[in-house]
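Number of protein chains: 2
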Amino acid sequence: MVIMNGPVASIFRRTGAWLLCGMVLLYGSVVSASDAGKKIADQGAAHASAVACASCHGADGGGNDVSGFPRLAGLDAAYLEKQLQSYRDGSNRNPVMASMASSLSADEVRDVAAYYAGLDAVSHARAPANEPTDTGKKLAEEGDFSVRGLPACVQCHGPGGLGVGSIFPPLAGQPFKYIKEQLAAWKSGLRNNDPAGMMKHVAKQLTAREARSVAAYFAAQPVSRGDREGTGKSAAKAAKPAVYSGPLPHLGEVTSGRVAENDYFSPPPRTDFPDGPFGEKVRQGEAIFNHTNTHTVSGKYVGNEQVCSGCHLDAGRLANSAPMWAAWVSYPAYLRKTKTVNTFIERLQGCFKYSMNAQGSKAKHPPAADSDTIMSLVSYAYWLSTDAPTGDSLIAGRGYMKVPETDRGFDPVRGKVVYEEHCAVCHGADGEGLSAQGEVVFPALWGADSYNWGAGMHKVNTAAAYIKWNMPLGVANPVQMSAVLTDQEAWDVAAFVNSHERPQDPRFKRNFATTASRFHSSKYDYYGKLKQPNGKLLGENAPRK
Amino acid sequence: MVIMNGPVASIFRRTGAWLLCGMVLLYGSVVSASDAGKKIADQGAAHASAVACASCHGADGGGNDVSGFPRLAGLDAAYLEKQLQSYRDGSNRNPVMASMASSLSADEVRDVAAYYAGLDAVSHARAPANEPTDTGKKLAEEGDFSVRGLPACVQCHGPGGLGVGSIFPPLAGQPFKYIKEQLAAWKSGLRNNDPAGMMKHVAKQLTAREARSVAAYFAAQPVSRGDREGTGKSAAKAAKPAVYSGPLPHLGEVTSGRVAENDYFSPPPRTDFPDGPFGEKVRQGEAIFNHTNTHTVSGKYVGNEQVCSGCHLDAGRLANSAPMWAAWVSYPAYLRKTKTVNTFIERLQGCFKYSMNAQGSKAKHPPAADSDTIMSLVSYAYWLSTDAPTGDSLIAGRGYMKVPETDRGFDPVRGKVVYEEHCAVCHGADGEGLSAQGEVVFPALWGADSYNWGAGMHKVNTAAAYIKWNMPLGVANPVQMSAVLTDQEAWDVAAFVNSHERPQDPRFKRNFATTASRFHSSKYDYYGKLKQPNGKLLGENAPRK
Numbered sequence: 025m026v027i028m029n030g031p032v033a034s035i036f037r038r039t040g041a042w043l044l045c046g047m048v049l050l051y052g053s054v055v056s057a058s059d060a061g062k063k064i065a066d067q068g069a070a071h072a073s074a075v076a077c078a079s080c081h082g083a084d085g086g087g088n089d090v091s092g093f094p095r096l097a098g099l100d101a102a103y104l105e106k107q108l109q110s111y112r113d114g115s116n117r118n119p120v121m122a123s124m125a126s127s128l129s130a131d132e133v134r135d136v137a138a139y140y141a142g143l144d145a146v147s148h149a150r151a152p153a154n155e156p157t158d159t160g161k162k163l164a165e166e167g168d169f170s171v172r173g174l175p176a177c178v179q180c181h182g183p184g185g186l187g188v189g190s191i192f193p194p195l196a197g198q199p200f201k202y203i204k205e206q207l208a209a210w211k212s213g214l215r216n217n218d219p220a221g222m223m224k225h226v227a228k229q230l231t232a233r234e235a236r237s238v239a240a241y242f243a244a245q246p247v248s249r250g251d252r253e254g255t256g257k258s259a260a261k262a263a264k265p266a267v268y269s270g271p272l273p274h275l276g277e278v279t280s281g282r283v284a285e286n287d288y289f290s291p292p293p294r295t296d297f298p299d300g301p302f303g304e305k306v307r308q309g310e311a312i313f314n315h316t317n318t319h320t321v322s323g324k325y326v327g328n329e330q331v332c333s334g335c336h337l338d339a340g341r342l343a344n345s346a347p348m349w350a351a352w353v354s355y356p357a358y359l360r361k362t363k364t365v366n367t368f369i370e371r372l373q374g375c376f377k378y379s380m381n382a383q384g385s386k387a388k389h390p391p392a393a394d395s396d397t398i399m400s401l402v403s404y405a406y407w408l409s410t411d412a413p414t415g416d417s418l419i420a421g422r423g424y425m426k427v428p429e430t431d432r433g434f435d436p437v438r439g440k441v442v443y444e445e446h447c448a449v450c451h452g453a454d455g456e457g458l459s460a461q462g463e464v465v466f467p468a469l470w471g472a473d474s475y476n477w478g479a480g481m482h483k484v485n486t487a488a489a490y491i492k493w494n495m496p497l498g499v500a501n502p503v504q505m506s507a508v509l510t511d512q513e514a515w516d517v518a519a520f521v522n523s524h525e526r527p528q529d530p531r532f533k534r535n536f537a538t539t540a541s542r543f544h545s546s547k548y549d550y551y552g553k554l555k556q557p558n559g560k561l562l563g564e565n566a567p568r569k
Numbered sequence: 025m026v027i028m029n030g031p032v033a034s035i036f037r038r039t040g041a042w043l044l045c046g047m048v049l050l051y052g053s054v055v056s057a058s059d060a061g062k063k064i065a066d067q068g069a070a071h072a073s074a075v076a077c078a079s080c081h082g083a084d085g086g087g088n089d090v091s092g093f094p095r096l097a098g099l100d101a102a103y104l105e106k107q108l109q110s111y112r113d114g115s116n117r118n119p120v121m122a123s124m125a126s127s128l129s130a131d132e133v134r135d136v137a138a139y140y141a142g143l144d145a146v147s148h149a150r151a152p153a154n155e156p157t158d159t160g161k162k163l164a165e166e167g168d169f170s171v172r173g174l175p176a177c178v179q180c181h182g183p184g185g186l187g188v189g190s191i192f193p194p195l196a197g198q199p200f201k202y203i204k205e206q207l208a209a210w211k212s213g214l215r216n217n218d219p220a221g222m223m224k225h226v227a228k229q230l231t232a233r234e235a236r237s238v239a240a241y242f243a244a245q246p247v248s249r250g251d252r253e254g255t256g257k258s259a260a261k262a263a264k265p266a267v268y269s270g271p272l273p274h275l276g277e278v279t280s281g282r283v284a285e286n287d288y289f290s291p292p293p294r295t296d297f298p299d300g301p302f303g304e305k306v307r308q309g310e311a312i313f314n315h316t317n318t319h320t321v322s323g324k325y326v327g328n329e330q331v332c333s334g335c336h337l338d339a340g341r342l343a344n345s346a347p348m349w350a351a352w353v354s355y356p357a358y359l360r361k362t363k364t365v366n367t368f369i370e371r372l373q374g375c376f377k378y379s380m381n382a383q384g385s386k387a388k389h390p391p392a393a394d395s396d397t398i399m400s401l402v403s404y405a406y407w408l409s410t411d412a413p414t415g416d417s418l419i420a421g422r423g424y425m426k427v428p429e430t431d432r433g434f435d436p437v438r439g440k441v442v443y444e445e446h447c448a449v450c451h452g453a454d455g456e457g458l459s460a461q462g463e464v465v466f467p468a469l470w471g472a473d474s475y476n477w478g479a480g481m482h483k484v485n486t487a488a489a490y491i492k493w494n495m496p497l498g499v500a501n502p503v504q505m506s507a508v509l510t511d512q513e514a515w516d517v518a519a520f521v522n523s524h525e526r527p528q529d530p531r532f533k534r535n536f537a538t539t540a541s542r543f544h545s546s547k548y549d550y551y552g553k554l555k556q557p558n559g560k561l562l563g564e565n566a567p568r569k
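For the record, the sequence lines run as chains A and B.
If you want the working numbering, it's the position in the first sequence, counting the first as 1, plus 24.
If you want the working numbering, it's the position in the second sequence, counting the first as 1, plus 24.
Since the hints were made in silico from the structure, they are not lab data.
Do not take every clue at face value.
If chains are identical, the list can't say which one is meant, so a pair holds when it fits in one copy or spans any two.
[Claimed, not checked] Below, in silico cross-link-like pairs of lysine-lysine (BS3-like), each with a Cα-Cα straight-line distance of 30 Å or less:
#, residue 1, residue 2
1, Lys324, Lys363
2, Lys211, Lys555
3, Lys161, Lys533
4, Lys106, Lys361
5, Lys363, Lys440
6, Lys211, Lys363
7, Lys569, Lys224
8, Lys106, Lys555
9, Lys386, Lys162
10, Lys211, Lys388
11, Lys211, Lys224
12, Lys363, Lys386
All of these numbers come straight from a predicted model, not from anything done at the bench.
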């Protein structure tokens with residue numbers, strides 16, 4: 025709603041006002057904030073031009089499809105509040121809304137935001153005629169990560185595009201026209217209030233046709249959905265406060281990389297999923313890979329809030345992000361960790377044991393070699409590896425790209441600053457992660473819902489390598505060789521993340537000191553070394569769950 | 025000892041006689057056969073030229089290294105008897121031995137053979153100076169099957185070249201000169217008393233240098249060996265009568281094949297075994313593959329006398345002989361047999377369940393997915409598959425080559441004739457197989473020591489395909505496209521083999537009729553269909569062991 029042309033401009037001229045929600049509180053302190061917000065919404069603020077929000081956004085807050093006025097009902101209050109602030113401060117340049125928002129006091133902004141947040145989600149958006157949505161659906165649900173570094177919309181906006189927390193608004197049920205115009209605004213820089221420049225980065229890569237298709241797709245999506253399959257654990261998780269109150273990260277200088285000469289192995293596209301029972305296993309394997317903790321088949325083996333695709337981006341396809349195809353052709357292999365030769369299946373079981381903290385799961389142990397879970401993941405990894413050369417353990421793109429050590433080493437205190445600047449917006453101020461619709465959207469980085477002290481990621485060097493080239497999601501990219509964090513920042517923030525308590529190492533039997541010396545002697549490992557505020561060493565009283 | 029030149033000819037001229045063993049029985053019927061044989065051996069036969077066998081073959085029957093006279097002590101009696109017959113009938117053309125052998129009566133031949141068979145194995149052969157044995161060792165122990173269709177010497181002559189039954193004599197401890205000259209005689213046709221032309225076929229492929237190296241290798245091998253690692257079961261097996269008394273198969277017309285354009289995948293050579301713990305697993309995997317039933321790691325899961333390499337020739341390397349590399353890149357896959365998707369590991373477990381009859385083993389069940397046995401076999405198969413394209417389930421050389429169905433179908437009665445002509449010499453008149461040194465040399469084809477009613481090989485079509493292109497060993501070859509049996513013969517003999525009782529199908533729970541109809545409805549399957557001499561249907565009372 026920035027470029028005023030066609031019907032939008034004509035509506036503006038006709039009504040003389042847009043989305044006016046900012047007005048005085050008629051009843052002052054004797055009415056509740058909600059009542060105050062409703063008043064502004066329905067009748068407008070007395071001291072302003074008296075155009076109610078509802079006149080454009082609908083009496084029920086469901087928006088206006090033809091004019092492209094967004095739905096407000098059921099959106100996150102902090103998000104709505106922030107948008108009004110953006111109109112005021114110019115980080116979202118829209119003359120009409122700027123005027124409306126500027127007329128509201130801080131309290132009024134808060135009240136009207138709270139009012140719309142409290143309404144039932146509703147939408148009047150409709151699927152536009154003659155707009156094909158196949159491309160949009162693919163970009164929305166899968167993105168185009170391995171080729172263009174483009175994450176799926178739902179990776180941040182949550183399952184079904186229903187929104188996540190206070191930063192990532194719902195896209196489902198927003199008018200086609202609205203979404204299309206917002207994408208144009210991110211691209212042109214008229215709208216500039218996104219964390220870490222993520223939306224700018226995404227929007228710049230979309231062609232106009234793709235943007236239309238994405239917009240058409242989301243316009244037709246329902247604004248709520250029934251309970252999804254799951255273990256039930258995630259419902260509690262979803263109830264966690266998911267409001268981020270810190271500063272928005274700005275987009276640091278992106279280390280402009282060369283795009284690697286396209287010499288990485290390419291797994292087959294999803295359009296080539298095989299048929300028959302094997303194809304079903306492959307599809308189920310992908311579903312488990314992306315929804316490990318909630319999937320009906322695999323959920324019982326997961327004792328935290330993690331999914332495979334949290335560490336293996338693009339559903340295990342992305343080169344230099346520990347892709348499955350590189351692992352598949354490299355196993356069986358001798359592992360220093362187990363001091364024996366392990367099959368690919370055993371390596372998968374290791375992921376469940378450590379990264380998924382199986383000890384705290386319903387099953388209490390990783391899935392058996394012949395379980396449906398393993399069978400599906402194996403089928404999926406095998407299929408992703410179609411035509412990859414067996415035994416090529418040096419295949420380009422395996423694992424993560426190491427980050428060179430720096431003269432300053434790594435330091436959690438310095439890392440805390442980096443974390444708050446770049447990471448907390450998605451992963452939470454206390455590393456707790458963010459879920460939506462019962463699904464993990466941004467995984468927990470420490471605490472009970474994170475990987476345990478046996479997972480590879482608890483080592484600072486491994487985490488630094490992952491973070492440097494993969495975070496923030498969709499901006500850093502290990503194939504395009506683009507990064508936001510400096511090497512030093514990657515080391516420091518990895519140190520900060522891994523200097524927090526997390527679930528116990530499942531190899532712990534009785535003796536803490538023995539476990540520490542036997543499994544945690546690495547200089548990249550804080551287990552048994554760093555003192556927590558409670559006086560205990562990290563890992564000393566780590567919970568099993 | 026056919027081409028008389030150099031030292032051999034000079035010894036002949038000096039002594040005036042060679043290996044004279046045929047003489048009269050001085051004591052007639054009052055002495056035992058053994059005594060009579062000893063008399064001939066030590067003193068010669070009175071009615072002949074009175075040259076004792078011992079004068080050339082040594083007082084202890086240990087042979088003469090310089091002259092190239094073979095050791096006789098400890099060789100199989102039937103074998104020795106047959107050799108004397110061959111000198112008489114000209115199928116081994118040697119003028120001196122022909123004269124000696126012709127002077128003996130049938131009883132005398134039997135007696136002297138029995139005498140030498142009863143002596144402790146001994147040899148005076150020595151490793152020749154300046155004869156490299158690396159090539160010989162490789163040909164002796166590994167052969168060159170995948171490239172030239174050349175089986176290892178020990179595949180027929182038994183572990184250590186110590187001989188197997190009455191057909192395959194020991195090579196260990198035979199003089200360098202003797203072995204070298206015999207190979208030349210097979211090649212030239214002067215010696216022509218081998219079953220199915222096997223030795224001719226082998227000898228023709230060896231260069232003179234290779235023949236020398238093989239001869240040098242075996243000359244230096246010990247004539248007996250201590251107990252080998254094993255489960256103990258095989259000791260009993262080795263005690264089975266292993267004398268074949270039927271006619272020797274002749275070499276039928278070999279369907280001269282084109283050698284396939286070398287377009288099959290080539291697994292890495294054994295000289296490239298990897299180092300370290302993974303390499304150890306690979307080596308152990310190969311050892312298990314070749315000695316499955318006796319290996320200390322895998323033996324407890326094998327309830328019969330079978331080895332992986334019995335059905336997967338050249339240790340799982342040979343194209344069109346169900347090679348491991350083709351299987352590796354084809355799993356996981358949906359199997360009609362299990363009605364689900366199976367991993368390679370599960371497929372291996374299936375081999376143990378059925379082909380190895382695990383129900384009758386010490387463990388009573390197949391090895392677990394994380395067992396050392398599976399781990400080793402997986403490592404071996406994976407390594408054999410180095411550089412093979414993942415997922416290429418259509419890779420050339422997978423499985424066996426089918427045999428077209430014939431108008432006459434298949435018939436066990438006709439098959440019996442084929443079996444006796446071509447197969448019984450190695451696999452035994454009653455399909456019992458042949459072991460030596462506690463190791464399976466020729467696997468049992470039916471009965472308690474064979475694959476059970478669930479194994480793929482129990483189907484007539486599968487067995488026909490295997491037999492046609494792989495049997496007789498080293499003559500038929502599925503890469504060179506050479507065969508001895510006609511399609512009709514292959515079908516019929518497969519029907520004969522699979523119309524015998526064998527261990528019960530492990531899927532049998534309670535009801536025979538249900539098992540028969542559920543798992544054995546194929547027209548290639550005799551389970552539950554053919555009446556045995558005891559009046560029961562095949563499978564009806566099949567034992568679990």
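Results of checking the hints against the structure:
1. For the identical chains of this complex, Lys324 and Lys363 are neighbours both inside a copy (28 Å) and across copies (25 Å), given an alpha-carbon limit of 30 Å.
2. For the identical chains of this complex, Lys211 and Lys555 are neighbours neither inside a copy (47 Å) nor across copies (81 Å), given an alpha-carbon limit of 30 Å.
3. Proximity of Lys161 to Lys533 under the C-alpha cut-off of 30 Å is found in neither arrangement, the shortest distances being 49 Å within a copy and 50 Å between copies.
4. Taking CA atoms no more than 30 Å apart as the test, Lys106 paired with Lys361 passes in neither setting, with 47 Å inside one copy and 61 Å between copies.
5. In the homo-oligomer, the alpha carbons of Lys363 and Lys440 never lie at most 30 Å apart, since the shortest distance is 35 Å inside one protomer and 54 Å across protomers.
6. In this homomeric assembly, Lys211 and Lys363 never come within 30 Å of each other (Cα to Cα): the closest approach is 51 Å inside a single copy and 52 Å across copies.
7. With identical chains, the CA atoms of Lys569 and Lys224 are never at most 30 Å apart, being 39 Å at best within one copy and 71 Å at best between copies.
8. Taking the shortest Cα distances, Lys106 and Lys555 never come within 30 Å of each other, neither inside one copy (38 Å) nor across copies (86 Å).
9. Neither within a single protomer nor between protomers do Lys386 and Lys162 lie at most 30 Å apart by alpha-carbon distance, with minima of 34 Å and 55 Å respectively.
10. Proximity of Lys211 to Lys388 under the C-alpha cut-off of 30 Å is found in neither arrangement, the shortest distances being 48 Å within a copy and 67 Å between copies.
11. Taking the closest pair of Cα atoms, Lys211 and Lys224 come within 30 Å of each other only inside a single copy of the chain (5 Å); across copies the shortest separation is 80 Å, beyond that limit.
12. Taking the closest pair of Cα atoms, Lys363 and Lys386 come within 30 Å of each other both inside a single copy (28 Å) and across two copies (29 Å).
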